[in-house]
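Engineer: Letter by letter, the chains look like this.
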Amino acid sequence: MTPDIKIRVADLNFSYRDRTILQDVSVEFPEKTITALTGSSGAGKSTFLMTLNRLWENIPNAQMQGTVEIKLQNQFRDIYAPDLAVTELRKMVATVFQVPNPLPMSIRKNVAFPLKLSGERSRGLVDEKIEQALKMANLWDEVKDRLNEDARNLSGGQQQRLCIARALVLEPEVLLLDEPTSSLDQASTAVIEDLLLKLKDRLTILIVSHHPEQVKRIADKVVEFTDGRIITAP
Amino acid sequence: MKRYRELIAERVFLLSALASSAITVAILVFMVFMGLPLLKQGGLYQLLLKPWAPFQGSFGIYPMIIGTGAISLLSLLFAFPLSLGCSFLIGSIAPPSVSKWFRRLIELMTGIPTVIYGFVGVFLLVPIVRELFGSGSGLCILTAALVLGIMITPTMTLFFCDSFDRIPKAYLDAADALGASPVQKLLYVILPAAKQGMINGVILSLGRAVGDTLIALMLAGNSVRVAESVLEPARTLTAHIALVIAADYESPEFRSIFACGVVLYLFTMAVTFLVRYLTFSKDQTV
Amino acid sequence: MRYRSLERLTIIFAWLTGLLLLSAVSLLLGYLFIKGYQSVNLTLIFGDASPLRAILLQERVFNGLFPAIVGTLILVLLSVFWAIPIGMATGIYLAEYASPRAKRVLDAFFDVLSGIPSIVIGLFGFAFAVFLHKHYSDRIGPCLLISSIALSFLVLPYIIRTTQASLEGIPRETRLTALALGATKFQNIFLVLIPRSLTGIMSGIILAIGRCAEDTAVIMLTGAVASTGLPRSLFAQYEALPFYIYYISSQYADRAELMQGYGASIILILLCAVLFSVAYGIRKGLTHFALYRP
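Residue numbers (my numbering), protein chains in the order written: chain A, 1 to 234; chain B, 1 to 286; chain C, 1 to 294.
Hints were generated in silico from the structure; no laboratory data involved.
Where hints are given, some of them may not hold.
Derived pair list, reagent style DSS-like, types lysine-lysine, alpha-carbon separation capped at 27 Å [claimed, not checked]:
#, chain 1, residue 1, chain 2, residue 2
1, A, K200, A, K32
2, A, K200, A, K109
3, A, K116, B, K169
4, A, K216, A, K116
5, B, K40, A, K116
6, A, K129, A, K144
7, A, K71, A, K109
8, C, K103, B, K40
9, A, K221, A, K109
10, B, K40, A, K109
11, A, K198, A, K144
12, A, K116, A, K221
13, A, K200, A, K221
14, A, K200, A, K216
15, A, K109, B, K195
Quick caveat: nothing in here was measured; it's all calculated off a predicted structure.
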C-alpha cells in the first residue's frame with residue numbers, strides 16, 4: 001500500500017543575499033511517516049524546513065520561488081496563497097528548533113501559550129489539553145507536580161520535550177524538527193526518538209538529522225541534500 | 001624606550017579617567033560647599049520644607065520641589081502611553097518598512113533643541129490653553145507638562161524599543177513558529193520579557209524630565225506659590241536656578257539655588273543607582 | 001473572546017499614538033516654518049551690513065543673527081576641543097586598561113555625570129567663575145571660556161561612551177592580529193583599534209556637537225548675553241543662537257524682533273537636523289548606546 005501524499009514541493013528555489021541555497025527542489029512526503037532530511041551542513045536542509053512553515057519570511061534579503069502544497073484538513077492547499085493566513089499555517093505545521101527554546105514563563109504557561117494565541121479561554125479545557133500534550137510528549141510524569149515552575153529550570157532533554165509538547169498542543173498535522181537532539185545527551189536523545197516513533201501514527205514528521213544511526217533507527221524515508229539539491233529521493 | 005612609552009600612555013589614559021570622574025565629584029562638592037552657609041543658618045528642615053518668601057527672610061525651596069514633581073510626573077503621564085504605543089508600532093505592529101522609517105524619524109526628533117519646544121509652546125500652546133480654560137495667562141503646569149511630555153516621548157520610545165531589541169531571538173522564533181500574530185507576539189512574549197528594561201526607561205525618562213530647564217522656565221509661569229491646580233503657574237528647581245542667578249552673590253537667595261543644585265544632583269544619583277541596581281540584579285522570571 | 005479584543009485594542013492604540021506623536025511634531029515644525037520661513041534670508045543674518053564685509057569682520061552686524069551664529073560655532077568648537085582628548089582617553093582606559101572592578105566604579109561616575117541636569121552644570125560653571133573672580137582676577141567672570149568648559153563636562157559622557165563602545169565592539173580576531181605580529185598594547189590601540197572605531201567615535205562627537213549647539217541652560221548661566229556683538233576674546237561674553245531664541249520669546253519688543261526669533265529657531269533646527277542626520281547616518285547602533293547608558 002502506498003501511503004497518501006501529505007506535502008508536495010515543486011520547483012523550489014531559495015536564495016539569501018543573492019546566494020543560492022536551494023535549487024530546483026521537487027519532492028513529496030507521504031502522510032504519517034517519519035522522513036529524515038540529511039546532508040552536510042550548509043546543504044540547505046534547515047532552510048528547506050523553513051519554506052514549509054514560512055518562517056524564512058522573517059529573514060531579510062531572502063527570496064523564494066516555487067510552490068509548496070500541504071494537505072491540510074484533507075485538502076491540498078498552496079501554503080503561500082493569500083487566503084491562508086501564515087499564523088493559521090503555523091498552527092497546523094508545527095516546528096521544533098535545534099536548541100530548545102522554552103519561553104521565559106512557567107511550564108504550564110509554555111504549553112498553554114498556543115492555546116492562548118488561538119483565544120482558548122476555558123480553564124478546564126486548557127488544563128486538559130496541557131495534560132494530553134505533556135503525556136503525548138512523555139513529559140507528564142516528570143513535571144506534573146511542578147507545572148508552575150520556570151520552564152528554564154528543566155534539563156535540556158526535558159526542555160526539548162516541553163517544546164515538542166508545546167508544538168503538539170494544537171494538534172498539528174505536520175511536525176518539523178530541526179536537529180532536535182543535537183544539543184542533548186544520549187539518554188535524552190533515545191527518549192525523544194521513542195517519542196517520535198510513537199507520534200508518527202498521528203502526524204507527518206520531517207526531521208533534519210546528522211546522525212546516520214538516528215536516521216536508521218527512526219526514518220521511513222530519507223531525503224539527502226547536497227548543495228541545495230536533492231540527490232536521493234526513493 | 002618602548003617600555004616607557006607604554007607606561008606613559010597608560011598613565012595618561014588613567015589620569016584622564018580620573019580627571020573625568022573627578023568632575024562628577026567636584027560638582028557635588030562645590031554645590032554643597034556653596035550652599036552650606038544657608039544650611040547652617042536655617043537647617044535642612046527650613047530649607048526643604050519652608051515657602052520661598054525672601055522679604056520675610058524665608059528661603060525654603062519647598063514650592064520648587066513640589067513644582068518639579070508636579071510638572072515632571074504629569075509630563076510622564078502624557079509621555080508614557082504615547083511612548084508605549086509608538087514603541088509597539090515600531091517593535092512589532094507596523095510593517096517593517098513603516099517601522100524602520102518611523103524609528104528613524106523618532107531618532108531625529110530627539111535632536112530637536114529644547115528651546116524650540118519652548119518657543120513654539122509660548123506662541124502656539126499658551127494662547128490655546130488660555131482660551132480653552134479661560135483663566136490666567138496660559139502659563140501653567142499643564143502647558144509645561146504637555147510640551148515636556150512631547151519632548152521626552154521620543155527618548156522614552158527609544159528606551160522601550162531598545163529593551164525590545166534585547167529580547168533573545170529564540171523567544172521570538174518560538175512565538176513565530178507557534179503561529180503568533182505580530183500583536184500576540186508583542187503582548188505575550190515581548191512585553192513580559194522586556195518589562196525590566198522598560199521600567200528602567202521610565203525611570204531614566206523621569207530623570208530627563210526633572211532635569212529639563214527651558215520648558216518649565218518658558219511655559220510654567222514661574223510662580224513661587226504652591227499651585228493648587230494644574231492650571232496654575234509653578235516654578236521648578238531648575239527654573240529657580242536660572243531665575244535667581246542674577247541676585248547678589250552673598251545673599252541667602254543666591255545660596256538657596258545651590259540647595260536646588262544639590263537636590264537635583266542627589267536625585268540624578270538616585271535615578272542612576274536605581275537603574276544600575278535594577279539592571280544588575282538577576283533576571284526576573286515572568 | 002477577551003484576548004481577541006485586547007489584541008485589537010492594542011493595535012488601534014498603537015496606531016493612534018503614532019499618529020498623535022506624528023501630528024504633534026508636524027504641528028510644532030509646521031507652525032515654526034509657516035510662521036517663520038519668510039524671515040529666513042540674508043537680512044535676518046546680517047541685518048543692514050553687507051554679508052561679505054561682515055564675514056571678513058570689516059563691518060559690525062547690529063541687527064542680525066550673525067554674532068549669535070558665530071558665537072554658537074565658536075562655543076561648539078571650543079567645547080568639543082576640550083572634551084575630545086580627555087573623553088577619548090577615558091574611553092580608551094575603560095575599554096582597554098581598566099580592571100572589571102575599576103570599570104564598574106568609573107561607569108557609575110560617568111552614569112551620574114551624564115544624568116546631571118545641564119542647569120546644575122551651568123550653575124557649577126557660574127559659581128566657579130565667581131570663585132575665580134573673587135580670589136584671583138577681576139577680569140574673569142562668566143565668559144566664553146567658562147561656558148565652553150562647562151559644556152565640555154556636559155558632553156564628556158557622550159564621547160567616553162561611544163569611544164568605549166566602539167572599542168569593545170571590535171572582534172577578538174582583529175584585536176589579536178597586530179599583537180600576534182609583535183605590536184605592543186599601545187601600538188595595537190593606536191594603529192589598529194582606534195582607526196577601526198573611528199566611525200563610532202565620530203558619531204559620538206557629532207552628537208556632542210549637536211548637544212552643545214542646542215544647549216541653553218548651561219550658557220545662560222555662564223556668559224551668553226542677548227547682544228554684545230562678536231566675542232572679542234575667550235574672556236568675553238558672547239551671543240548664541242539658543243539663548244537668543246529664549247531671550248526673544250520672553251523679551252521681544254516688536255514684531256520684527258519676534259520674526260527674528262522664528263528665523264533663529266529655523267536656523268537652529270536646520271543646524272541640529274544636519275548634525276543628527278550625519279551622526280545617525282554614520283552609525284545608528286552606537287548612538288543608542290550613548291542614549292541608553294546601561
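Engineer: Next pair to validate is B:K40 with A:K109; report whether the Cα-Cα distance is within 27 Å.
Structural biologist: violated (59 Å)
Engineer: Has the given pair, A:K216 with A:K116, been kept, meaning a C-alpha gap of at most 27 Å?
Structural biologist: Since the Cα atoms of A:K216 and A:K116 sit roughly 38 Å apart, the hinted pair is violated (cutoff 27 Å).
Engineer: Assess, step by step, whether the Cα of A:K200 is no farther than 27 Å from the Cα of A:K32, and give holds or violated.
Structural biologist: holds (5 Å)
Engineer: For the pair we were handed, A:K200 and A:K109, check the Cα-Cα distance against 27 Å.
Structural biologist: holds (26 Å)
Engineer: Hinted pair, alpha-carbon criterion (27 Å max): A:K221, A:K109. Please report holds or violated.
Structural biologist: violated (35 Å)
Engineer: Would you check the hint for A:K116 and A:K221, treating anything up to 27 Å between C-alpha atoms as holding?
Structural biologist: violated (35 Å)
Engineer: Within a Cα-Cα threshold of 27 Å, do C:K103 and B:K40 meet the stated pairing?
Structural biologist: With Cα atoms ~37 Å apart, C:K103 and B:K40 exceed 27 Å; violated.
Engineer: Decide if the proposed pair is consistent with the structure: B:K40 and A:K116, CA atoms, cutoff 27 Å inclusive.
Structural biologist: violated (63 Å)
Engineer: CA of A:K200 to CA of A:K221, is that 27 Å or under?
Structural biologist: holds (13 Å)
Engineer: Starting from A:K116, check that the Cα of B:K169 is at most 27 Å away, please.
Structural biologist: holds (21 Å)
Engineer: Between A:K198 and A:K144, is the straight-line Cα distance small enough, at 27 Å or below?
Structural biologist: holds (21 Å)
Engineer: Assess, step by step, whether the Cα of A:K71 is no farther than 27 Å from the Cα of A:K109, and give holds or violated.
Structural biologist: With Cα atoms ~30 Å apart, A:K71 and A:K109 exceed 27 Å; violated.
Checked against the numbered hints above, the structure breaks hints 4, 5, 7, 8, 9, 10 and 12 and satisfies the rest.
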